[in-house]
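Participant: Each chain, written out:
Number of protein chains: 4
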Amino acid sequence: MSGNTWGDLFKVTIYGESHGEMIGMVIDGCPAGLKINFKSVEEDLRRRRPGQSKITTSREEPDLPHFVSGIFEGITTGTPIAGHIKNQDQRSQDYSHIASAYRPSHADFTYDQKYGHRDHRGGGRSSARETAARVMAGSIAKQLLNTVGVKISAYVSQVGSIELTKKYSELDLKKIESNLIRCPDSAVAKKMISEIEKVKSQGDTIGGVITGVITGCPVGLGSPVFDKLHADLGKAMLSINAVKGFEYGSGFEGVKLKGSEHNDVFHKKNKKMVTLTNHSGGVQGGISNGMDIYFRVAFKPVATLIQDQKTTDKNGKAVIIKGKGRHDPCVVPRAVPIVEAMAAIVLADHYLRMQTSKMSTLVGQK
Amino acid sequence: MSGNTWGDLFKVTIYGESHGEMIGMVIDGCPAGLKINFKSVEEDLRRRRPGQSKITTSREEPDLPHFVSGIFEGITTGTPIAGHIKNQDQRSQDYSHIASAYRPSHADFTYDQKYGHRDHRGGGRSSARETAARVMAGSIAKQLLNTVGVKISAYVSQVGSIELTKKYSELDLKKIESNLIRCPDSAVAKKMISEIEKVKSQGDTIGGVITGVITGCPVGLGSPVFDKLHADLGKAMLSINAVKGFEYGSGFEGVKLKGSEHNDVFHKKNKKMVTLTNHSGGVQGGISNGMDIYFRVAFKPVATLIQDQKTTDKNGKAVIIKGKGRHDPCVVPRAVPIVEAMAAIVLADHYLRMQTSKMSTLVGQK
Amino acid sequence: MSGNTWGDLFKVTIYGESHGEMIGMVIDGCPAGLKINFKSVEEDLRRRRPGQSKITTSREEPDLPHFVSGIFEGITTGTPIAGHIKNQDQRSQDYSHIASAYRPSHADFTYDQKYGHRDHRGGGRSSARETAARVMAGSIAKQLLNTVGVKISAYVSQVGSIELTKKYSELDLKKIESNLIRCPDSAVAKKMISEIEKVKSQGDTIGGVITGVITGCPVGLGSPVFDKLHADLGKAMLSINAVKGFEYGSGFEGVKLKGSEHNDVFHKKNKKMVTLTNHSGGVQGGISNGMDIYFRVAFKPVATLIQDQKTTDKNGKAVIIKGKGRHDPCVVPRAVPIVEAMAAIVLADHYLRMQTSKMSTLVGQK
Amino acid sequence: MSGNTWGDLFKVTIYGESHGEMIGMVIDGCPAGLKINFKSVEEDLRRRRPGQSKITTSREEPDLPHFVSGIFEGITTGTPIAGHIKNQDQRSQDYSHIASAYRPSHADFTYDQKYGHRDHRGGGRSSARETAARVMAGSIAKQLLNTVGVKISAYVSQVGSIELTKKYSELDLKKIESNLIRCPDSAVAKKMISEIEKVKSQGDTIGGVITGVITGCPVGLGSPVFDKLHADLGKAMLSINAVKGFEYGSGFEGVKLKGSEHNDVFHKKNKKMVTLTNHSGGVQGGISNGMDIYFRVAFKPVATLIQDQKTTDKNGKAVIIKGKGRHDPCVVPRAVPIVEAMAAIVLADHYLRMQTSKMSTLVGQK
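Line by line, the protein sequences are chains A, B, C and D. Heads up: the first sequence is residues 0 to 365, going by numbering that gives the first Met the number 0. Heads up: the second sequence is residues 0 to 365, going by numbering that gives the first Met the number 0. Heads up: the third sequence is residues 0 to 365, going by numbering that gives the first Met the number 0. Heads up: the fourth sequence is residues 0 to 365, going by numbering that gives the first Met the number 0.
Keep in mind that a hint or two might mislead.
[Claimed, not checked] Calculated cross-link-like contacts (lysine to aspartate or glutamate; reagent style DMTMM-like; alpha-carbon spacing at most 25 Å):
1) A:173 to A:42
2) A:34 to C:111
3) C:316 to D:260
4) D:173 to D:42
5) B:271 to A:312
6) B:257 to A:312
7) C:271 to D:307
8) A:365 to D:291
Derived from the structure by calculation, the hints contain no laboratory data. Just so it is clear, the structure is predicted and the values come from calculations on it, not from any experiment.
Start from the sequences and build out the full structure, keeping to the hints where you can.
Facilitator: Right, here's the structure in full:
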């Protein structure tokens with residue numbers, strides 16, 4: 000298949016199908032000497048796990064991470080960190096009706112064309128189940144970044160047409176986990192939850208937006224031509240199932256501004272260079288400038304419905320697909336830790352890549 | 000610096016500074032046996048070149064491509080295709096005033112912090128001048144894709160608040176080159192040009208949006224985990240100077256739809272599998288499905304102004320930067336061929352990567 | 000650590016420590032549609048497994064391969080193939096005496112310096128135990144290559160000073176597995192086995208040479224600058240624990256020949272281009288030419304002895320290391336399937352890379 | 000073609016054909032802040048250049064390096080360093096006789112099969128002319144390594160059957176450049192030169208061996224599974240035209256030793272950990288241990304002869320190739336700087352990769 004590895008120096012390889020034995024990951028390149036907080040990995044997976052609340056899928060998975068290499072006495076050794084999560088609550092028989100039918104807006108058709116032979120059970124590799132491995136790897140990445148003060152948060156800022164209009168800087172991000180939808184404004188959260196319950200009761204689904212915020216990022220992450228920091232963040236987000244768009248800093252709205260309004264003026268504050276505004280979203284010329292990095296990620300409505308749907312089978316014959324299987328009415332509450340994980344993986348990689356940018360910081364140089 | 004190479008199989012490496020001797024590229028991995036149309040490369044570069052009209056920068060560069068390897072008797076040999084474009088109209092002295100000052104929303108500060116030593120003349124490597132090399136490489140990628148029927152177009156769909164509301168499918172894309180702004184609707188184009196002239200007369204700049212459209216893409220491009228086709232397209236676009244956002248298919252607006260509205264139903268038409276709607280934007284599960292691929296790219300206003308701006312120098316001292324130098328009042332008309340080039344590079348790479356996805360299409364297999 | 004992934008298209012990532020829970024591998028890029036012979040994978044691992052005979056280590060490992068993804072109904076799906084082998088007969092307490100002492104010619108010192116924190120039990124990641132994962136991946140690579148007629152063999156051609164002087168072409172390679180040492184000449188094999196038994200009885204170890212032979216290789220594998228086919232084969236062999244040298248074709252002896260003696264003259268035979276001699280070893284300009292590929296790999300004597308050895312601990316204090324632990328008196332009999340596996344991984348990768356070398360063989364081209 | 004880029008962090012891409020306009024290179028990843036000694040680059044190229052003495056080819060090339068990016072005011076900026084060397088003394092008409100004939104032991108046949116279309120003039124890309132770009136890049140790598148005390152030397156240790164039996168440690172490496180053949184023992188050098196003159200007068204060619212020696216290498220270079228330091232050195236050497244073998248440390252001879260003879264005992268000397276012997280060749284477990292690294296590289300006799308040779312053309316018709324063209328009777332004197340260059344590129348890459356091996360040396364860590 001190719002493309003199951005992310006990163007140049009903090010290299011994450013993932014594997015596993017929705018209805019296989021396990022989902023797993025290998026991190027090659029994590030520096031030795033990092034003390035691992037296993038509870039923290041479990042906690043990140045718990046926030047992503049299916050069956051966590053009434054507004055998520057009813058597939059029940061404990062999703063416990065199990066590490067098998069690269070960590071000795073609780074500390075990384077520099078060797079590949081491998082780990083996995085067992086699949087437990089598969090019901091493969093639920094999927095026999097779609098072995099040859101192409102579900103609308105799913106990957107059945109494209110996989111079939113590209114690979115010829117596919118595991119159709121629960122979507123196989125195309126299922127968002129693979130994101131559990133991303134969260135596991137991302138949790139290690141977060142711990143690496145924490146050592147230099149980087150903090151990554153994400154929250155739901157839109158469900159369908161219900162939008163949280165306040166900016167991230169006007170919110171108390173500590174409240175994100177205070178409700179099922181993971182929106183730091185409890186009034187808006189309530190509306191979002193109702194909206195999801197409504198579409199769920201209709202056997203339907205709805206889209207949403209997640210906002211990501213990174214604080215404490217050192218100056219200098221990002222490689223300023225093809226591998227700009229925001230370009231890698233964008234790819235990381237767009238690689239998550241159901242994502243349709245990405246913007247950072249001023250984003251699509253910034254288009255309407257004039258340069259004189261948009262430019263972020265530098266000034267020195269407490270011996271640190273800062274900008275008065277932050278339309279740049281913490282990245283200039285593809286490199287982090289030390290200001291907050293913030294971005295928005297659009298998720299389409301889940302394609303699996305509890306409704307009959309018309310479609311076509313392998314042979315082009317018109318068929319009806321029954322609304323069966325377990326799925327999320329809206330992907331965003333569970334996608335919050337996935338967005339964080341991918342952001343962490345991108346930043347961890349660029350933090351390591353940054354180490355060789357100039358002679359003066361290399362080991363052994365005067 | 001790292002990150003100056005794009006691609007896994009169609010690998011493009013670029014180099015060069017704004018005020019250096021030349022901008023160049025090396026393509027490693029272009030298959031042997033491709034007949035090169037040199038006129039077509041020149042034409043793409045002409046569409047990007049500075050000084051082409053009253054609404055672009057006045058730096059005058061002929062930007063003639065010069066190939067030095069990998070092509071023999073007009074046909075690729077499979078060896079690296081190297082080429083360059085000479086810089087001719089540099090005026091390095093124009094930049095002495097910014098050798099130590101950090102221009103707002105430019106990469107001066109971040110480069111200085113990351114690398115310590117930098118070529119400040121015209122922005123050095125951070126200048127969009129490097130995109131000339133992308134266009135040169137992209138032009139070869141287009142020619143590779145043409146052999147299987149892929150066609151890539153891009154046009155300006157927004158300048159400031161002036162928006163082209165028609166969808167790509169309602170427009171005549173052959174009219175893109177009929178006006179200076181590269182908008183296929185001549186009435187809207189006129190308004191866009193006036194808007195740019197207005198901000199230019201104020202010594203100011205404005206943002207814009209470019210829409211990209213890819214037709215004739217075979218089914219099967221894209222690698223469906225980290226290297227989803229739209230994820231690589233997104234990264235490619237976000238790696239272009241001044242880009243702040245990317246969306247494809249239904250994009251940010253699709254968030255508001257229900258699954259039952261958003262799903263694209265399959266049906267067979269003329270022996271080809273198609274979908275009734277195309278909210279998927281031609282990509283499902285990260286793999287092209289044969290429908291049109293379309294996307295939008297947001298560009299911020301250019302940061303260089305013909306106005307005095309407050310900022311800070313290296314040492315944190317407040318300074319005023321004079322409005323000098325030559326620059327574009329709005330980047331989008333010249334960015335159209337850049338968007339096309341990056342899309343072509345992404346697709347060419349995935350077209351080659353697709354070759355090894357299944358046993359039945361491998362050379363020598365029965 | 001980095002460097003635990005091999006390959007551009009047939010990408011193998013491996014992980015695991017000698018005394019960890021398991022050794023594992025992920026293959027990303029194996030084409031879909033390959034029918035897997037699981038018995039054959041077991042057989043390759045059986046040939047590498049410890050405890051197989053009186054001339055190998057007494058560590059007893061069944062080394063059964065367990066696949067967890069990428070294969071559905073016995074056929075590859077194109078998604079990552081992950082699998083592992085459980086460690087069962089670790090005796091970690093045997094290694095407490097070397098937690099802080101640096102064993103001569105082992106990696107204890109270099110790992111400690113490079114990583115600071117290391118799993119010392121049984122050598123941790125530096126143990127040749129990791130090669131079980133290579134054999135598992137190599138076995139899949141062989142099956143891919145078999146589909147186009149490639150056959151890979153290896154045999155022991157030297158132990159200490161006992162040398163098999165016949166060339167590969169004078170031997171019956173079907174006899175390789177007929178004795179414990181894996182030498183196709185039974186008389187020489189007997190001498191080799193005695194030699195190993197002798198050094199073993201002295202608590203000592205001895206080196207050896209393995210010869211590899213590849214027949215049926217299609218013309219065109221290899222990328223002729225940095226990634227020459229023989230250069231990748233050489234790196235692959237040199238990456239195996241204890242290897243000190245690699246030569247192919249005429250090798251070091253070829254140095255003494257004149258060009259007029261060394262040159263391989265082309266002629267056409269049965270519609271196939273062949274060469275009269277094969278000093279080139281089946282590779283010309285870095286590309287396979289269809290003739291047999293043959294090479295030799297030198298293994299040093301195993302560094303672990305059943306003798307007391309002087310050395311130094313972490314703090315530079317002189318210490319005596321007791322001769323303890325289980326190890327091979329000579330590595331070559333068990334290294335035969337490892338050499339084959341690495342050759343297969345290299346060739347599988349280049350077979351896939353070959354697919355995009357010219358326009359005329361690309362999917363969808365006329 | 001693929002495979003024209005070397006390295007993970009110090010990434011070298013090269014291009015150019017023997018009879019094209021230029022040979023060139025791009026280094027992406029050289030840290031900013033390295034002061035470049037241009038004279039030193041010229042000197043390395045002078046040692047490789049054709050026409051330098053009576054025992055090399057008579058093609059006359061000044062081979063002056065020309066840098067076009069990545070260096071500002073004599074110091075690297077961290078951006079890609081691009082440079083090239085113009086071809087001047089091509090005589091393309093000399094090669095018309097081989098446009099369709101396959102020269103014995105050349106790459107004509109394999110290129111034709113793999114790529115279909117090829118530049119036959121002077122061997123095109125398969126000519127060793129491309130190594131000029133390697134020397135140019137290697138010269139920058141050497142300057143990077145010099146900053147931490149690494150010194151790389153190489154010399155001719157064998158020509159045909161004339162062997163320099165003294166070890167590197169018994170020789171005065173300062174004398175390498177004192178004779179045409181680059182052998183530090185003047186008596187042996189004289190014999191080697193006579194031998195080359197003899198085979199040259201016969202219109203024939205002869206092979207040779209180059210020994211490489213690296214002193215002052217810090218502990219910790221090399222990534223100890225697939226990317227062992229000696230494995231990358233081996234691949235680098237085997238990627239040079241005409242190389243047939245590589246061994247390091249005890250090499251093929253070490254096979255005959257017992258473990259108790261071969262093991263290198265550690266002891267502390269002047270606060271530094273050293274080994275009493277150095278059969279390991281400065282690398283243990285794939286990682287440099289601070290001792291001298293030494294290795295041997297076997298070069299076959301040049302395939303171009305000044306004799307008529309039988310062979311076959313494209314269509315399998317027997318033809319006679321006339322002994323024409325300009326070539327070296329023995330490649331080793333000019334290959335000395337190439338061996339050094341490739342060693343430097345490998346070490347520079349691993350020196351940068353080493354920077355992220357442990358937390359305690361990362362920027363910003365306590």
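Participant: None of the hints should be skipped; say for each whether it holds.
Facilitator: Against the structure, the hints:
1. A:173 to A:42: holds (16 Å)
2. A:34 to C:111: Given pair residue 34 of chain A, residue 111 of chain C holds - Cα atoms ~17 Å apart, limit 25 Å.
3. C:316 to D:260: Holds: residue 316 of chain C and residue 260 of chain D sit about 22 Å apart, inside 25 Å.
4. D:173 to D:42: holds (16 Å)
5. B:271 to A:312: Holds, because 13 Å separates the two Cα atoms, which is no more than 25 Å.
6. B:257 to A:312: Holds. Residue 257 of chain B to residue 312 of chain A sits at ~24 Å (cutoff 25 Å).
7. C:271 to D:307: holds (24 Å)
8. A:365 to D:291: holds (23 Å)
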